[in-house]
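Engineer: Below are the chains, spelled out letter by letter.
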Amino acid sequence: MKEEKALSKPEKQLTKKDLRKAFWTWQFFSHANYNYERLQAGAFAHAMGPIIKKLYDTKEDTVAALKRHLVFFNTAPNWGAVIHGIVIAMEEKRANGAEISDEAINSVKTGLMGPLAGLGDTLTQGTIIPLLLAIGISFGVEGSVFGPLFFLIVCPAVLVSIAYTMWMRGYYSGKDAVESMLSSGRLNEIISAAGILGCAVIGALIGQFVTFSTVFVVNVGQTAINLQADVFDPIMPKLLPLLLTVGLYKLLDRGKSPTFLMVAIIVVSFIGTFLGIL
Amino acid sequence: MEIWQAVCIALLYYISDSPWPVGVGYYVIQRPLVAGFLTGLVLGMPVEGTIIGATMNLIYLGHITAGGTMPGDMALAGYLGTGLALAAGLDVNAALALAVPLGLLGTIVWFTRMSVDSIFVHWADKYAEEGDIAKVGLMNWVPGQTLLLVIKVPAVIIAAVYGPDLVSAAIAFVGDNVLHALIVAGGMLPALGIALNLRSILKKATIPYFIVGFALVAYLGLDIIGVALFGVVMAAVSMQFMKKNEGGEGLV
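Which chain is which? The protein sequence lines are W and E, in order.
Sequential numbering from 1 applies to the first sequence in the numbering used here.
Sequential numbering from 1 applies to the second sequence in the numbering used here.
Check the hints yourself; a few may be wrong.
Claimed, not checked - Below, a sample of chain E positions facing chain W; criterion: calculated Cβ distance under 10 Å:
1. 136
2. 139
3. 177
4. 185
Stated by the list, open to error - Quick list of in silico lysine-lysine cross-link-like pairs, BS3-like style, CA-CA up to 27 Å:
5. W:93 x W:54
6. E:135 x W:93
7. W:53 x E:135
8. E:203 x E:244
9. W:21 x W:67
10. W:54 x W:16
11. W:59 x E:135
12. W:67 x W:12
13. W:93 x W:67
14. W:67 x E:126
15. W:12 x W:59
16. W:54 x E:135
17. E:135 x W:256
18. W:67 x E:135
19. W:250 x E:203
20. E:126 x W:54
Don't read these hints as lab results, they were simulated from the structure.
In this text the structure is predicted, and so the values were computed from the model without any measurement.
Just so you know, even glycine gets a beta-carbon here, dropped at the ideal spot from N, CA and C.
Work out the full structure, taking the sequences as your base and the hints as a guide.
Structural biologist: Below, the structure is given as structure tokens:
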């Protein structure tokens, strides 16, 4: 009986083409309907469309699969693509009769999306983009269009390659491999190394791009002391930009919102200008 | 500014937030560096546009959306700000003064879109109930992108056409002190983006590398590529030490 059933229902096998179709749907549309209620939920279901179509024949299974992937989801669109790869592999096994529950699929999604969002924030937004951007900007401020062109070409190439690699790796090596990678030292090593590069670059950005100095002159008896040239510069070049950044870092740490600090900086600039200090 | 130029700038502003540039709009097309260059191309002044965009981008250097915060709409500053500055013939510093208010104004678009888009997921729910895969996919972009087009494009066209005269008049009206204050703010604001970014990547163990990066620029005047090279070497060395501690192939 069982053998007959197996004969009448051949194994459902996803092709590389299916995987690619789903990947590009995600790559393009991950934030097409970004929203407060469920973040990237719609995009996840959208990307799973080609997979669901291939794997499930009955309306009942299709409805269940679509609903399964319309739940809250949010991760880094590039590094997090490994989750989609894993989920696709799980769906494929499920469609072929394996006992994989909704909860199992859901817990993989919710379990991995947080750590990978963190990874994405550190590596993509914290290191790769500031670095490439700083290179582009340093050419751009000199009036060289090489700056924006460089960024326009290199940054997408890097980000799409990461997403594609993660997606395929997720599908072929599966949940266990990713979990062991996340827990083993390998990934921590990569994150620490990226953190070192990122912190060095960010330190450099302060020196290169933050401008903050005073024009205040104190008259002590006969001599006029220029606060910037006579006090701050001898202590350390770029002292004020460094102190400003560290101070803002501390304020953010204490829970002040970025928008509040932005307005505060503008207010301070006005007060400083009208007092003749800045 | 010609109408077609205003339309191009408005469409670029929309496209930067849309799925169409391979999904990397936020990471790439929204950056004022790119926005300034593209707006400059539209207005026939790519070099001037690039300088303005690159300078404005300093404010948004460390722009990061971790935790859902949105400290300003860098794309509105980049596209409309550069467009207005070029059309009004402003210098770089005055252009920088435009970036801050425009960036703050643009956050309204972000909040509107993030709120209203929540409705469209429910439309997708309805089609999921019917098992309609194609329509679930369509709900992910058709309504949301229509909304974005409607709230972004007309407003920016009007601002780009009528804005330059207003901007020139306003800059002339407010006088040198206000302009100076905004330039001072423009110099300080990169520190906020950098501090935000530091919050996501700085750990106790990486403080020394942060100081090295700063010192290489402050004392030795290296550029970013130079510092990045030192950074790569320090990262590689530290990885070897980590391997050694695990008992693998190490330095010694």
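Engineer: Now look at each hint and say whether the structure bears it out.
Structural biologist: Going down the list of hints, with the structure as the test:
Contact between residue 136 (chain E) and chain W, as hinted, is supported at the beta carbon level, the nearest pair being about 5 Å apart and thus within 10 Å. With a least beta-carbon distance of about 6 Å to chain W, the hint placing residue 139 (chain E) at the interface is held under the 10 Å criterion. Residue-level restraint check for residue 177 (chain E) holds (minimum Cβ-Cβ distance to chain W is 6 Å; threshold 10 Å). For residue 185 (chain E), the interface hint holds, the least distance from its beta-carbon to any beta-carbon of chain W being 4 Å, beneath 10 Å.
For the given pair, residue 93 (chain W) sits about 13 Å from residue 54 (chain W) by alpha-carbon distance, which is consistent with the 27 Å threshold. Simply put, residue 135 (chain E) and residue 93 (chain W) have alpha-carbon atoms about 26 Å apart, close enough for the 27 Å limit, and the pair holds. About 13 Å separates the Cα atoms of residue 53 (chain W) and residue 135 (chain E), which keeps this hinted pair within 27 Å; it holds. As the CA atoms of residue 203 (chain E) and residue 244 (chain E) are separated by approximately 22 Å, the hinted pair is consistent with the 27 Å bound.
Between residue 21 (chain W) and residue 67 (chain W) the alpha-carbon distance is near 20 Å, which keeps this suggested pair within the 27 Å criterion. Distance hint between residue 54 (chain W) and residue 16 (chain W) is fulfilled; the C-alpha atoms sit about 12 Å from each other, no more than 27 Å. Between residue 59 (chain W) and residue 135 (chain E) the alpha-carbon distance is near 14 Å, which keeps this suggested pair within the 27 Å criterion. This hinted pair checks out: residue 67 (chain W) and residue 12 (chain W) have alpha carbons roughly 21 Å apart, not beyond 27 Å.
This hinted pair checks out: residue 93 (chain W) and residue 67 (chain W) have alpha carbons roughly 18 Å apart, not beyond 27 Å. Simply put, residue 67 (chain W) and residue 126 (chain E) have alpha-carbon atoms about 10 Å apart, close enough for the 27 Å limit, and the pair holds. This hinted pair checks out: residue 12 (chain W) and residue 59 (chain W) have alpha carbons roughly 17 Å apart, not beyond 27 Å. Distance hint between residue 54 (chain W) and residue 135 (chain E) is fulfilled; the C-alpha atoms sit about 16 Å from each other, no more than 27 Å.
Taking the CA atoms of residue 135 (chain E) and residue 256 (chain W), the gap is about 42 Å. The hint is violated against a cut of 27 Å. This hinted pair checks out: residue 67 (chain W) and residue 135 (chain E) have alpha carbons roughly 13 Å apart, not beyond 27 Å. The hinted pair formed by residue 250 (chain W) and residue 203 (chain E) meets the criterion: a straight-line CA distance of about 13 Å does not exceed 27 Å. At most 27 Å may separate the alpha-carbon atoms for a hinted pair to count; residue 126 (chain E) and residue 54 (chain W) meet this at roughly 21 Å.
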